[in-house]
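Taken in order, these protein sequences are the chains called C and U.
The numbering used here numbers the first residue of the first sequence as 3 and each following residue consecutively.
The numbering used here numbers the first residue of the second sequence as 3 and each following residue consecutively.
Among these hints, one or two may not hold up.
No copy is singled out in the list; a pair is fine if it fits within one copy or between any two copies.
What the hints assert, rightly or not - Restricting the straight-line Cα-Cα distance to at most 20 Å, the calculated cross-link-like pairs of lysine to aspartate or glutamate (EDC-like) are:
1) 43 with 141
2) 64 with 185
3) 64 with 44
4) 61 with 42
5) 29 with 101
6) 61 with 185
7) 172 with 139
8) 64 with 47
9) 169 with 184
10) 172 with 156
Just so you know, these hints were derived from the structure itself, not from any lab.
Because the structure is a prediction, the values reported are computed rather than measured.
2 protein chains.
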Amino acid sequence: MNIEKYPSRLLENAVNEFSKLPGIGRKSALRLVLHLLRQEKEAAEALGNSLIQLRNEIKRCKVCYNLSDTDICRICASQARNRTVICVVENVRDVMLFENTNQYNGLYHVLGGVISPIDGIGPSDLEIECLIERSEDPEVKEIILALPATMEGDTTNFYIYRKLKEKSVKVTTLSRGVAVGDDLEYTDEITLGRSLVNRIPYENTPGL
Amino acid sequence: MNIEKYPSRLLENAVNEFSKLPGIGRKSALRLVLHLLRQEKEAAEALGNSLIQLRNEIKRCKVCYNLSDTDICRICASQARNRTVICVVENVRDVMLFENTNQYNGLYHVLGGVISPIDGIGPSDLEIECLIERSEDPEVKEIILALPATMEGDTTNFYIYRKLKEKSVKVTTLSRGVAVGDDLEYTDEITLGRSLVNRIPYENTPGL
Chain C
3 MNIEKYPSRL LENAVNEFSK LPGIGRKSAL RLVLHLLRQE KEAAEALGNS LIQLRNEIKR
63 CKVCYNLSDT DICRICASQA RNRTVICVVE NVRDVMLFEN TNQYNGLYHV LGGVISPIDG
123 IGPSDLEIEC LIERSEDPEV KEIILALPAT MEGDTTNFYI YRKLKEKSVK VTTLSRGVAV
183 GDDLEYTDEI TLGRSLVNRI PYENTPGL
Chain U
3 MNIEKYPSRL LENAVNEFSK LPGIGRKSAL RLVLHLLRQE KEAAEALGNS LIQLRNEIKR
63 CKVCYNLSDT DICRICASQA RNRTVICVVE NVRDVMLFEN TNQYNGLYHV LGGVISPIDG
123 IGPSDLEIEC LIERSEDPEV KEIILALPAT MEGDTTNFYI YRKLKEKSVK VTTLSRGVAV
183 GDDLEYTDEI TLGRSLVNRI PYENTPGL
């Protein structure tokens, strides 16, 4: 859509800002902005202010680097969590994913990415050094590497594993295998092969 | 996604506000908010402020009711436009669509909707009275009814047509017919029938 044809500079400006977001083109941006104009004044202000406030006030937890409203996040501050296990994840979204499984009660460590030379991300760009420091706490018994099952994730897993090898902490990783509910026909060969190699005693099936 | 699992109230608040927008679910909202957190502070502020400013400062043109930064919009204020024709459209987006065709140099009138009893929208909720007033200006020779080709659009077209019938102004409407580039096989019967009834002299084909 031709940029000159907006009836208002304010409208054009809002559309420009909206369409900078990933997955939102100029047409969607216009639709969203016109929607906001049809709402009460408060709706646009609430959205606008929530974004400004978020960006200015949100913090990173000083222990695990998860997003937090306070210096130390709720999970790290909680005495109800199992403080002997640290689950290493790529980003904040992954913490939420694991929390939503209701299967984990330990602590987290948010790396802030994975090693990816093609994107110019090396180990020093990630929160790896402080993970090593945390692993030296005698309270910590196990580090779970829960990075994505991609080449970058595997590389990062391996890098961290080598750093932790000499420490007294146990290093584990997520099991790979057939997804729950998946037909074997549609499972790729590598996953199927791994699920065979890493087979588990039938008695370990959860819910048995 | 469980609402309790957000690591931060600020994050949750921003996700809530984003997901109120049409077509944006909670997962998309989280993705957009995390994207903003990865950008410079200025990006979130620019988006937030553009929305607040838009909602507080944008005006409706006092003549045509299009969105405008000024009391009278650019199109209504322009002496380069053909001031004898007024194109009646449903909303602001339609003005932009017609402007983008580069085929129209007249004025507009934005109704702000179409008559739709099922949504509780009657003629008095639309800017119809002031359109009738505008049509009484001796400078105005033609009113183009360019509302959507829906039952509501047709009803509104007819309502306005009846109000304008006794005035000296000519009332026209958009031609209906086979879309440019469309195969006849995929054109619906009503459109195909109308395109036959309203056939035009071959010499009138644009670009001939």
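To see whether the hints hold, each was checked on the structure:
| no. | hint | verdict |
| --- | --- | --- |
| 1 | 43 with 141 | neither (52 Å within a copy, 37 Å between copies) |
| 2 | 64 with 185 | neither (43 Å within a copy, 63 Å between copies) |
| 3 | 64 with 44 | neither (35 Å within a copy, 24 Å between copies) |
| 4 | 61 with 42 | between (31 Å within a copy, 14 Å between copies) |
| 5 | 29 with 101 | between (36 Å within a copy, 15 Å between copies) |
| 6 | 61 with 185 | neither (43 Å within a copy, 58 Å between copies) |
| 7 | 172 with 139 | within (13 Å within a copy, 85 Å between copies) |
| 8 | 64 with 47 | neither (31 Å within a copy, 25 Å between copies) |
| 9 | 169 with 184 | neither (38 Å within a copy, 70 Å between copies) |
| 10 | 172 with 156 | within (18 Å within a copy, 72 Å between copies) |
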